[in-house]
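Asks: As a plain string of letters, each chain reads:
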Amino acid sequence: MENEQYFEVDHLTKFFPVKKRGQFFGKPIYVHAVDDVQFTVRKGKTYGVVGESGCGKTTLARMIMHLEKPTSGRMLFKGQDITLFNGKQMKALRRQMQMVFQDPFGSLNPVRTIRNIVAEPVRVHHIFQNRQDEKIKVQEMLETVGLSSSDEMLEKRPGQLSGGERQRVGIASALILGAEFIVADEPVSMLDASIRADIIALMMKLKEEKNLTYFFITHEFGMARAICDRIAVMYAGKMVEVADAASIVDHPLHPYTQLLIDAIPPLIPDPNWGKNISEGEVPYFTVPPPGCRYHPRCSRADELCKSEIPELVDYRDGHFAACHHV
Amino acid sequence: MKKRLVFSFCSIVLVLSMILGPLACGEPVDTTTYRLTAAVTDLHESSNPFLASGRGDIRIMSRIYEPLVVGSGGAAIPRLAESWSYDDSTMSWTFNLVQDAEWSDGEPLTAADVKYTLDTQYAGDYSGGGDSKEFVDTVTVVDDNTVKITVTEYASAFLDFLNSMYIVPKHIWEDVADIDTEANLAPVGSGPWLWDEYVPQSHVAFKKNPNYWGGTVNIDEMVLEIYGSQELALLALKTGQVDMVPTVELYSYIPQLLESTDVKVGVDRAANFYNFLFVDHREEPNNLPAFRQAVSMAINRQDIIDFALFTYGSIPRMVPLVPEAIASEDVDWPGLGMTDEARIDEANAMLDADSDFSDFVEGETRTYKGDPLNIEMTIVNRPADVQQAEIIRENMAEIGINVSLKLIGFGPMMGMMFGGGWDDWTWSTAGHGAGGSTLDGLAQEFGADPYNVWYDAPSLGWGEDGDGGGTTAARALQADLRQSRREDDPATLATLIEQIQVDFAAELPIIPLSQGNTIYAYRLDTFTGWAPQEEMDGQGSSGHLLGTINILALEPIAQ
Amino acid sequence: MNWKWLIRRLGFMLMVLAVAVILNFLIPRLMPGSAKQAYAGKLPEAVQVKIIARFGLDKSIWEQFVLYIQNTLKGDLGMSFSNHPNSVTYMIGNALPWTLFLLLTATIITVPLGYVFGVIAGWRAGSKTDTGIQIGSLSLLATPLFWIAMVLLYVFSAQLGWFPLRGAETAYSGYTGLKWVGDVLWHAVLPVLALMTLFGAYEMIMRNTMVTTLRENYIITAEAKGASENRVKYKHAARNALLPLITSVGIRFATIVGGSVFVENIFSYPGIGSLIFDAVISYDFPLLQGAFLIFSIVTVVVVFLLDLVYLRLDPRIRY
Ligand SMILES: Nc1ncnc2c1ncn2[C@@H]1O[C@H](COP(=O)(O)OP(=O)(O)OP(=O)(O)O)[C@@H](O)[C@H]1O
Ligand SMILES: [Mg+2]
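Chains as they are written, first to last, in this note's numbering: chain H, 1 to 326; chain Y, 327 to 885; chain X, 886 to 1204.
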């Protein structure tokens, strides 16, 4: 059971057509937001995806949630191909798959009450016949995520809550249908550092209680290391290294992973920290560089890197990396 | 859910209004009631006869109230006074009232009501009776049916002035606290109609007075509906929604109106307005009578009438600014009988005779004392006015005067006439008396009363009369005119009028051009017995057709 | 209910009203010619004397102001030149219900229509449907109101004869009850349709806010929860996009008040608009001033009522 291939992604790709400013006619060019990605999430585990801003994490999450249509590739949930699920099938599937969003400020409808927001999924899926049962369920969920379940709270609007409280509401609403696979897209990145730990702790607690599986997106390697079982590192729409958390931290194979690890702030402040982190730009590729996408920023890059795209290769018991120079 | 409810409610209301409305209104009103509906575009919504002024009021007043006589241009039609006489001095008039007149509340109408009305009108300086307050001295009740009125001077127009003196019930008005603010929304009158319903800005409705002393009206109800524009009023007549339009002001619509065989257009030649060319005679050569007379001669008045007034006009037949009483019947205007060529030649000869003017050369502008005669003429930017002004411009070119047109709005034109600031010539419509704002404005600018300018005109030889200024001279002229009319001596009458007009043109900076008549239109398929045109002459559509006399002749056609 | 906010809005409303009243006092006194001319100029002399006394027109400006405020509070706006002895208040009192009926009916029908079409167009921005609706809205916006009114009158009343040529009800009809209601609605159809051209403005506002709202994150949240297309469209997107629409109704109300002058005049509708038109033609200053004052009061009150609606719809208002 533990090692069951729970959620699988195969050659998943997303190109966004974009037009240049002032371009009205002719073929659009494409942003390679996610390019030929494949991975497997195991039941009950937390699968982390780490990468810089703009590398395609959100796009990936949205494709998993069917909020974005993949350009190509397949997605399997519990062995079933869900890539081409229609609206009805998808609706049923959403009872098992839910998402927690990055932005607790924008992702909650500002004019609706907390009660309505949390209850939205059960209403959409017509779970309860009467409002009283629904209210009890909503209150239960609020308590589960550590919020007050008072009537006053139920009638509040998102604008009257703090960021942490809002994210708890978001979590409550994601869990109310009893979903077991949760896609969390940087759930704490927009929160104050002081409350991030609380939210993460809550999520971990819920994972234990409800036996959840997480697909956890973050741009902080430190956080991924702390909570994930397996970590994938993304760079410019491609996965460059995938491994168990311990393995990847102790023995990073890809120079980009190394860079991310170096960027983790030390627990004890170190005046020399950050000195040797290489400068680089967030790549935005409409025409990706030939060869390894990382080569323009890589210190080890040579002619091979410029011409040939490295494959993800298993170097050590499921520790994959895509680099010519491992 | 709630939202859906709101939507459906709104759409239901919209659909209902489209369906229910026509359904509810489709049924005809009680068919046994005969109703005459008239479309009006101006209606003063008051039935207080003391405050009545202008056409809109008279439409209402003349239905519920009556004057002693309806007089116009010397002819007088009896109303509440069945007969009248004056003594040899012409300073004392006696009016005999009709026998069985009574007020709509059942009280008898007596001489006391007449005395009360005249006294109150004169004392309060109200508009009824016009200028007669200037010379009426005393009003005495002789008996219940006889009133004696003494005047301080002979006034041939006395009866005309009484047109607008609506007799009111003393027993009602005595108790009115403040006549000036009394809306009088439940009037008690003696006329053929009883005021029944008034809806502001919409209509005034009358029911027939079953006890009217003058006879029985064959129509049960009359409704005056207010229309936003002449176009709509005429459209309503054409489509049969109304039975008549008492005043047609949109001449260009008349041919279209006449396409319908059920519609007839009538001309009332008494209620009229005049078109004038105002000449600023403070400037040379405008100040030369000969110059103005040449201009006057060159203008083709018949063209103006034909083209711009669609033939619903006539040559001005009375001298403006002179009391209406001296108006003549159709008098030829100098130059009217002549061919166009002869007229222009005559006008050119008049200018050529003066050495200050350069001689006429075809296609060139004349000079006056070396300066070219470039004249700017200001006109109101209305199609009919522009058409007429164009004709004048062409005529002037034929005598070597270059006229350029300056179009302005009606508002600014009024401002100019009142406040000054116009150059050379101005082309405008003006009346005199109550509506004579243009002439009054002119008088203001010239610092003179145009009436007095005329009376005192030295060249008429009347100004020397020290006693009473020109009034006596005017009186003498009026007496001559009246004499010739009484003796049915058209030749003398025509000469007199022509003399006045020529003198007038010499003295005043005004050249009369044309006289538009009041046009009315009615349907033939709803009522018969509309007044023939001859009967209408001299009586005024507002007082006549919709008032008492001919309304008695109107018979509804059963549908 | 947010009392603090309410009181603030109420205060603001009173302030605007005060400005309107003061302007109404100042304008006739700043005009060339005297205030006497503006108030009494065209009345019979005997009436002039009374008006001058009533408004203290021969006294100092401060005494005039006190009298003016007293008279205005009493509802005495002077006497109409063209319709004396009727007072301005009487004329306006008769006309106001009709104007309110027209304006409110038009608004109540137009706003939901603009809302629905705006939602449809905004939901599929860039589609053929959207383009079609945009072209319709833009052409309505670009067409002068009086022209539309004239075309409606010409086609439906003059040519087809489906609707009456004039007025708010059949003159002297004696209709009562339902029949009267039907008659009034029948007369209101064309004027309301003419005023409904504002639909274009409402639709465009709704569409554009809809487009921006659809980019909001909570829309994606709703989709992720499995909400149906209609639920996302109306419950989440349109519900939020509605707020700017409500604000714009207030702003546009002043426009349709102006439009009613043309529309009422063209349809001979016995409302304030027709009064204003007649007053301008006959230089009836007191009536004109009174009509403008009443229009500013109506506009301010409507904007305030919309504020209340807004308050009810947007829970975020916390000042
Ligand atoms: N709808 C879209 N149309 C065009 N380009 C898009 C669209 N959505 C995303 N992109 C582009 O795809 C790339 C990946 O975006 P994505 O939002 O997945 O990044 P991310 O890793 O989630 O970044 P962040 O850490 O800032 O959230 C970016 O370059 C982005 O500009
Ligand atoms: Mg993201």
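A few of these clues could be false.
Said to hold, decoys possible - Each pair of labels, with its calculated beta carbon distance range:
{"no.": "1", "chain 1": "X", "residue 1": "1124", "chain 2": "H", "residue 2": "264", "range": "40 to 46 Å"}
{"no.": "2", "chain 1": "H", "residue 1": "88", "chain 2": "X", "residue 2": "1009", "range": "20 to 26 Å"}
{"no.": "3", "chain 1": "Y", "residue 1": "466", "chain 2": "X", "residue 2": "902", "range": "56 to 62 Å"}
{"no.": "4", "chain 1": "H", "residue 1": "250", "chain 2": "X", "residue 2": "1011", "range": "50 to 56 Å"}
{"no.": "5", "chain 1": "X", "residue 1": "1102", "chain 2": "H", "residue 2": "17", "range": "40 to 46 Å"}
{"no.": "6", "chain 1": "X", "residue 1": "902", "chain 2": "Y", "residue 2": "855", "range": "53 to 59 Å"}
{"no.": "7", "chain 1": "X", "residue 1": "1009", "chain 2": "H", "residue 2": "135", "range": "34 to 40 Å"}
{"no.": "8", "chain 1": "Y", "residue 1": "417", "chain 2": "X", "residue 2": "1166", "range": "55 to 61 Å"}
{"no.": "9", "chain 1": "Y", "residue 1": "667", "chain 2": "X", "residue 2": "1028", "range": "48 to 54 Å"}
{"no.": "10", "chain 1": "H", "residue 1": "264", "chain 2": "X", "residue 2": "889", "range": "46 to 52 Å"}
{"no.": "11", "chain 1": "X", "residue 1": "888", "chain 2": "Y", "residue 2": "500", "range": "56 to 62 Å"}
For the record, the hints were derived by calculation from the structure and aren't laboratory data. Where is the CB? At the ideal position from N, CA and C, for every residue including glycine.
Asks: Now tell me, hint by hint, if it's right for this structure.
Replies: To see whether the hints hold, each was checked on the structure:
The hint said 40 to 46 Å for the Cβ distance between residue 1124 of chain X and residue 264 of chain H, and at roughly 43 Å that hint holds. Evaluation of the 20 to 26 Å hint for residue 88 of chain H and residue 1009 of chain X yields a pass: the beta carbon distance comes to about 21 Å. Our hint of 56 to 62 Å for residue 466 of chain Y and residue 902 of chain X holds, since their Cβ atoms are close to 58 Å apart. Hint check: residue 250 of chain H to residue 1011 of chain X, Cβ distance near 51 Å, so the stated range 50 to 56 Å holds.
A beta carbon spacing of about 22 Å between residue 1102 of chain X and residue 17 of chain H contradicts the range 40 to 46 Å that was offered as a hint. For residue 902 of chain X and residue 855 of chain Y, the Cβ-Cβ distance of about 58 Å falls inside the hinted range of 53 to 59 Å, so the restraint holds. Checked against the hint of 34 to 40 Å, the pair residue 1009 of chain X and residue 135 of chain H passes, with Cβ atoms roughly 36 Å apart. For residue 417 of chain Y and residue 1166 of chain X, the Cβ-Cβ distance of about 44 Å falls outside the hinted range of 55 to 61 Å, so the restraint is violated.
Checked against the given bound of 48 to 54 Å, the beta carbons of residue 667 of chain Y and residue 1028 of chain X, roughly 53 Å apart, stay inside it. Separation of residue 264 of chain H from residue 889 of chain X is about 48 Å and conforms to the stated range, judged on CB atoms against 46 to 52 Å. Here the CB-CB span from residue 888 of chain X to residue 500 of chain Y is close to 59 Å, well matched to the stated 56 to 62 Å.
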